[in-house]
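Below are the chains, spelled out letter by letter.
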Amino acid sequence: MSHVETVHSLWTLAAAEAPKKIPGPHIEYVQLSPTLIVLGAALLGVLAEAFLPRGVRHRAQLGLAALGLAAAFAAVVALAAGGYASDKSHVAAMGAVAVDGPALFLQGTILLVALVAVFTFAERRLDPAADGRPVDSFAAQAAAVPGGDAEREAVAAGMVTTEVFPLVLFAVGGMLVFPAADDLLTLFVALEVFSLPLYILCGLARRQRLLSQESAVKYFLLGAFSSAFLLFGIALLYGYAGTVTYAGIADVVSGTTRVMDPALAGSTANDALLLVGVAMVLMGLLFKVGAVPFHMWTPDVYQGAPTPVTGFMAAATKVAAFGALLRLLYVVLPGMRWDWRPVMWGVAIVTMLVGAIVAVTQTDVKRLLAYSSIAHAGFILAGVIAATPDGVSSVLFYLAAYSFVTLGAFAVVTLVRDAGGEATHLSKWAGLGRRSPLVAAVFAVFLLAFAGIPLTSGFAGKFAVFKAAAQGGAAPLVIVGVLSSAIAAFFYIRVIVLMFFSEPKADGPTVAVPSPLTSSAIAIGVAVTLVLGLAPQYFLELAGQAGVFVR
Amino acid sequence: MNPVNYLYLAALLFTIGATGVLIRRNAIVIFMCVELMLNACNLAFVTFSRMHGNLDGQIIAFFTMVVAAAEVVVGLAIIVTIFRSRHSASVDDAGLLKL
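Chains as they are written, first to last, in my numbering: chain F, 138 to 688; chain W, 26 to 124.
This is chain F alone, in the form it adopts within the complex (with noise of 0.2 Å):
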């Protein structure tokens, strides 16, 4: 009874009080929104696919998402217009998202990378069209068995996934976030946001739905195993520090917190929980990246997804990875630099030599760009090692002179069909150049970027990772650098006088003749090609205004 008459006396006690007042977070809206905006326009583009009829959706998704994007890149550049790349650069939202300079230019990139690929996903003119209406390069019903009846009459019906655009935005909007990401928990969500809307635009190609559908599941489970090892680390993290946010765990790391609780003193006397926590989480991330050990799923993804999506993954991933890794390592984890460079000096080795050389056996032209984005990662890895603030400009220089080259890449490969599609055996491009001189040279274009020739933005790319890297003391890292550069060379050259030098076969595939959409994707990743290659000055400035991080 007595114990009954505690409890109430407490109650009424509390309520004879005033009720005390819980501050609400405070977040600031307008530096987040480019985020905003990207979120926003998905989820319009869910209503408008539940609420358009269906003739109009194709029309209105591709508006929404392409006005969407191009108001985020706005913001993008306003925020960064007002200062907030360099003097007013801050952490937002209660400590969970940086606005600072190279969250600002990584997030610009990915924009403009996801705008063309928009325009690669909405392209309607190379399939023959069926039953009289044009289809894209996705399912008319993803859920339909290949081949059977439901997919029959789902064509019949003139279905369309177009709920290919939100799913892109829902990812870009992951994809801005993690390179900005300020503490552990935002960069889980984050990954987790971008990584689901993959999953599942990787499963819906139209044409060898077996292979994309393939590729989906190898890609969820390696991801999902991947983001688990990338979510424990992140608990043993906080069991050492006792925060997740990046300065907080920074100040750790490097001994300069100011309040040494009991509980803290204990857990940072066990430096087995940092060194396991930090591995853990560049393991979720490199695999993000597509570094080596952590590389498998690379080519199969990247073959078996529909190739719009192969291109915007490639290039937008990519980008947003390295952002999260360049965040991670430079802010957190300097005062343990003695410890991660040895291990990323392994990494970006193997990467480089194992990239470079399984490329040269590749047959099949997504494969082979698939390896060939291995052994550039491994080349933004030899910038990301340097720890110096020319390290972080470079490989944002890098990030964005290589994004747009393997979306044009993969753009063009959409062209080049055959009766079952797109016609991705190597063998199948011999004499391109003599059949459609124009798509050859582009391809050529892109495979000279990707060798890194000068006058490309390759070249310039390399220039700069590789001498950042010499300069922050790994110079064995750039003579590999520069061996295996040597090797993929020889096969982009192999490719490109595959395409010019050899006779056309007589079944030979077709180049289709793309709508503007593809076309401008086309033509846009040409001219950042030549213009980051024969006039980097400005970008590379622009990159180094841009390259100091937040704290």
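Hints are not guaranteed to be accurate.
Partial list, derived from the structure: chain W residues whose beta carbon lies under 8 Å from chain F [what the hints assert, rightly or not]:
1. Tyr31
2. Phe39
3. Val46
Calculated directly from the structure, the hints in this document are not laboratory data. No experiment lies behind these values; they were computed from the predicted model shown. Cβ coordinates follow ideal geometry from the N, Cα and C atoms, glycine included.
Based on the hints, put chain W in the right spot on chain F.
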């Protein structure tokens, strides 16, 4: 009871999950093992939260649950689609994409 024991349990569950992902052949079972790994993470978060005396870890556990639920939605959809077109959820049968 010493909270460190819960950390050992979390590590054990995580290892069981990771081993399961590597050795099981059914996509659904692999996926369940991934969920087990996520739950091990949750246990570690809550335990560390108790040890440090702040609530961050418990809040993160809620986020993890939501993310895991979203992952189930996407994952099961993908696995069911491939099951319907191949009548098999074995990852060994999915071998069209090879070097």
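Right, here's what the structure says about each hint:
{"no.": "1", "hint": "Tyr31", "result": "11 Å, violated"}
{"no.": "2", "hint": "Phe39", "result": "6 Å, holds"}
{"no.": "3", "hint": "Val46", "result": "5 Å, holds"}
Violated hints amount to a single one, hint 1; each of the other numbered hints is respected by the structure.
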